[in-house]
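Protein sequence lines, in the order shown, are assigned to chains A and B. UniProt numbering applies: residue 1 is where the first sequence begins, and numbers increase by one. UniProt numbering applies: residue 1 is where the second sequence begins, and numbers increase by one.
Think of the hints as simulated: they come from the structure by calculation, not from any bench. Every clue listed holds true.
The list treats identical chains as interchangeable, and a pair is accepted whether it falls inside one copy or across any two copies.
30 angstroms max Cα-Cα, derived DSBU-like pairs, lysine-lysine:
1. K62 x K124
2. K62 x K324
3. K11 x K62
4. K370 x K438
5. K124 x K269
6. K182 x K162
7. K384 x K434
Number of protein chains: 2
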Amino acid sequence: MNASEFRRRGKEMVDYVADYLEGIEGRQVFPDVDPGYLRPLIPTTAPQEPETFEAIIEDIEKIIMPGVTHWHSPYFFAYFPTASSYPAMLADMLCGAIGCIGFSWAASPACTELETVMMDWLGKMLQLPEAFLAGEAGEGGGVIQGTASEATLVALLAARTKVTRHLQAASPELMQAAIMEKLVAYASDQVVATLGTTSCCSFDNLLEVGPICHEEGLWLHVDAAYAGSAFICPEFRHLLNGVEFADSFNFNPHKWLLVNFDCSAMWVKKRTDLTGAFRLDPVYLRHSHQDSGLITDYRHWQLPLGRRFRSLKMWFVFRMYGVKGLQAYIRKHVQLSHAFEALVRQDTRFEICAEVILGLVCFRLKGSNKLNEALLESINSAKKIHLVPCSLRDRFVLRFAICSRTVELAHVQLAWEHIQEMAATVLRAQGEEKAEIKN
Amino acid sequence: MNASEFRRRGKEMVDYVADYLEGIEGRQVFPDVDPGYLRPLIPTTAPQEPETFEAIIEDIEKIIMPGVTHWHSPYFFAYFPTASSYPAMLADMLCGAIGCIGFSWAASPACTELETVMMDWLGKMLQLPEAFLAGEAGEGGGVIQGTASEATLVALLAARTKVTRHLQAASPELMQAAIMEKLVAYASDQVVATLGTTSCCSFDNLLEVGPICHEEGLWLHVDAAYAGSAFICPEFRHLLNGVEFADSFNFNPHKWLLVNFDCSAMWVKKRTDLTGAFRLDPVYLRHSHQDSGLITDYRHWQLPLGRRFRSLKMWFVFRMYGVKGLQAYIRKHVQLSHAFEALVRQDTRFEICAEVILGLVCFRLKGSNKLNEALLESINSAKKIHLVPCSLRDRFVLRFAICSRTVELAHVQLAWEHIQEMAATVLRAQGEEKAEIKN
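Next comes chain A alone, as it looks inside the complex (with noise of 0.2 angstroms):
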């Protein structure tokens, strides 16, 4: 494919996107095939002479798409939103066509200078205190890693690492396997000290842990993948009081803000912690400006040596929403989620099994872990909408969280009144069943 046909076929597939997009909610928002629907759909091997852009976007719709659950469709509300806006899309294009490799400054200044100063932007957003920012000549800063499971993995290793040097360096004569019998890792029952956890949106306390974790020169990693968006609103801001105390903080821009996957954005206040933790220095990625101190070498900040110039979406997505609108974003959908709670409570068979603090509402009928869960499947068998569960000290909870970029307030009814009927059917038929065993 030459650029002149890439010309013809990007735009069709810029319009095929629109047209996806648009057109979602007419989708049914959960696939109906079973396991091992694909395979039989398409050759056992690659063809050997190329085929045309025409026989591949007719497979899109016979073979793809009958397999996909649609995350953007306003009628999921199953785990967590991923983000998804058009000024992201047109980002990544760009990114692709530029498709550098930007482990070191060298291998593409813009690539790393663009992310530094767009975490220092996002950091500002939500009010990070300064020691986290890298400003001009700042010992701080932020990266962006694939996701917060990488974020977390590079906390611990950075931690384990700089406590075992501090441990060598008073006792010369421990051997490492001596040391890691002694290091601790602290969790929360929800794991490292979260903000808005996943199966129901609960907060740890900073306040508390910090001043304990400082006292005991504790490394504290503060993951708030989810909520972590919602604190650029002034009035959700208090949830990351005692951010002060940590020394490490990351969340996922591409969940609610509208970035698309990946980008999880971790900031630490010393920088030091993290590239004498994974410095990586052979001759073929040296170059002349390394050691000047206004430069960045990413790839010491991660676990992996590739990475993609994701700044650029952030940078779109900034701009072309304005603080403003990404404000409005978030506060549309915790009012959503709210409007959700208020139909919840109306109706007295059910009950709300967490406070609703954000997009999410943990709810259930009241009753046995059976009947919920009854209730679940017979949502999800219908398809109409998609949610999942968790489990809540031990009972069976539905989730319900605000996802789609495009979904109202008239989804969120229409879905509320769906799952009202089938809780009716449910009741119905446990009822029968009481019933029959009396009989």
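Keeping the supplied structure of chain A fixed, place chain B upon it in accordance with the hints.
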């Protein structure tokens, strides 16, 4: 931005991308900027109000492009290639629009199933032993990791878990730390068994290493990050001989197989070795099919939880190039590296420092490291072409890697003439210096 504006802006971006790649030869391959160039060019905080798309697109040429190292310029011969093709870019647009997170089968069945089948396609293209393929009931199979670093880390952790469980079963009294002390990882001087090292593209002999690992019960992981793509050509396949002794194998289609970053292909013979090490099953990720033998939950095969629909890129590229097209692409690069090698060998001032097997030529001026450092410095300062060095047995060596999809013999010849000119200047300077010392 709504769908209709996206249609307009998306098409503009398609043209921008095509213009950029068509005109890339005219851009200076390495940028002129100094560290810290970008920060003063943009505001210190994100805008409160939305900006227009025009403002952003203007800034791309003003702020971003002056700081880009153009990896896809035909004058870029540094590091190793990073893949770029139009079909992969089209697939990435679709991937961004679907925007699913494929951590489980249910999270988007097509995302999981296409990946399994594409990894089988690719495995067959490489003539991998049957044991590495998933097929319909195989014990092995493939997974797309982000990078070779992640694949290697996954292999190491899986190997550690396997041997730890084995030792604990044999000697239940052993403490975790005592077991950790006993673990040994062997590596070559370029690290894991490696086919095609970064420095000089050398190859470990798997037919020697493999049987020993097999006898001693050692996990053998083989990394062919760059070279792996070449194994789709029958004439290079022998370099992979011995992979039948490996437990896991990976290479990066995102380097040399026209599938844009990130796409690191990893296969294992026993998928349970991975799923046993990384299993993660909270209630909100469970689904009704998960205990079926037919389905795959890829979150158990990797470190992160989230994953994009990356197999679309493989599907588009394999179909639009065909196996023959991909083979032709590899062969062209190898021919170009041999053409460069021949040019170097004709000039007696130079020497070739490692056997040229694939697309990399390691060469230097006969003489001191200092002389070669000066040569590289003068080449990279002139910025007509871009190279990086390596160190081979303490000798400073220049690497000439065939990288760009659009590089032709004429570019290689121009590059060589330029290197010769630079060499003449450097040698003249050295001669004058010596004469001065003599006087």
